[in-house]
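Participant: Sequence:
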Amino acid sequence: MPVLSEASPAIRLHAYLDSTAAMGDMALVAPSLVLTRRSKQWLTRMNNMSASFLQAVKARRSYYALSATSPIPDSQIQAIVESAVTNIPSPFNVQSGRAVVVFGEANQKLWDIVLKGYIKSLGDQAPAAVVKQNEDKIAGYATGYGSVLFFEDQAPLEALAKQIAPLAPQFPIWSENSTGMLQFAVWTALEAEGFGASLQHHGAYAPEISAGIRSAFGLPETWKSTALMPFGVVAGPPGQPGREKTFLPIGDRVKVFN
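With the working numbering applied, the sequence shown corresponds to residues 61 to 318, in that order.
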């Protein structure tokens, strides 16, 4: 696809269609571009696609009450994750994002590892009420249909940082940017298919958890855990506890200048 200028949408559309040899029904009448029915339909379709995407973004919430059912086959879930990992941007196209999808017994194994490691991280002096609260939360994550485990492979990141030494301090930041986009893409796509999900970070809480996950699933030592995403068909309202989401004034959060 060509790099288009900051010209009007019509001119940008003209350039795109010209680059793809789709100009058969376009008529250029100087000094303006006349859009024919086909090109108008194309532009409408693009607008509809962005509206659908933003609607999916809006619908994405954190769901904690999940059931172990799925509206789509496992192969489609795998395809969603594979597509996201393939297409999400990464610094200098290093492609450091990694993901693991677990179902059934493998999903239960994951959350058993998390539970054991997290309770250990609380220490012997943790109040019984705190231990029970966290046991219940983690048990809830295991009730879903499956989980997606996200990682950043440190090997290619470290190799690239050595090649571009002046930028080395920025790579951890850019890595976090990339994994965040990957998590969001998978989360939103799963939501669009009828799932609910949440994002957990137990892999960073205790060495026993991240090491246990790598050992259980035969993953390289260089895979750094960035998040765990339990998912399933929703069995309750979003939020913990369930509540409507509120928003700060958008004018304080987005600024536009000409």
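It cannot be assumed that every hint is accurate.
What the hints assert, rightly or not - Derived Cβ-Cβ restraints for the label pairs, each shown as a range:
id	residue 1	residue 2	range
1	VAL293	PHE317	43 to 53 Å
2	SER122	GLN168	16 to 26 Å
3	ALA116	PRO149	17 to 27 Å
4	PRO229	ASN153	15 to 25 Å
5	ASP196	ASP312	33 to 43 Å
6	LEU114	GLU165	30 to 40 Å
7	PRO229	PRO301	36 to 46 Å
8	LYS222	GLU304	42 to 52 Å
Since the hints were derived computationally from the structure, they do not count as laboratory data.
Glycine residues also receive a C-beta, built at the ideal position from the N, C-alpha and C atoms.
Participant: Against the range 36 to 46 Å, how does the distance between the Cβ atoms of PRO229 and PRO301 compare: consistent or not?
Facilitator: holds, 41 Å
Participant: Within 43 to 53 Å or not, the Cβ separation of VAL293 and PHE317?
Facilitator: Distance hint for VAL293, PHE317 holds at roughly 44 Å.
Participant: Within 17 to 27 Å or not, the Cβ separation of ALA116 and PRO149?
Facilitator: holds, 19 Å
Participant: Look at the Cβ atoms of PRO229 and ASN153 and judge whether their distance stays inside 15 to 25 Å.
Facilitator: holds, 20 Å
Participant: Starting from the range 16 to 26 Å, see whether the pair SER122 and GLN168 falls in it by beta-carbon distance.
Facilitator: holds, 22 Å
Participant: Please test the hint of 33 to 43 Å on the beta carbon pair from ASP196 and ASP312.
Facilitator: Taking Cβ atoms as reference, ASP196 and ASP312 lie about 37 Å apart, which means the hint holds.
Participant: Go ahead and decide if the range 30 to 40 Å is satisfied by the Cβ distance of LEU114 to GLU165.
Facilitator: holds, 38 Å
Participant: Could you tell me whether the CB distance from LYS222 to GLU304 stays inside 42 to 52 Å?
Facilitator: holds, 49 Å
In summary, this structure violates none of the numbered hints.
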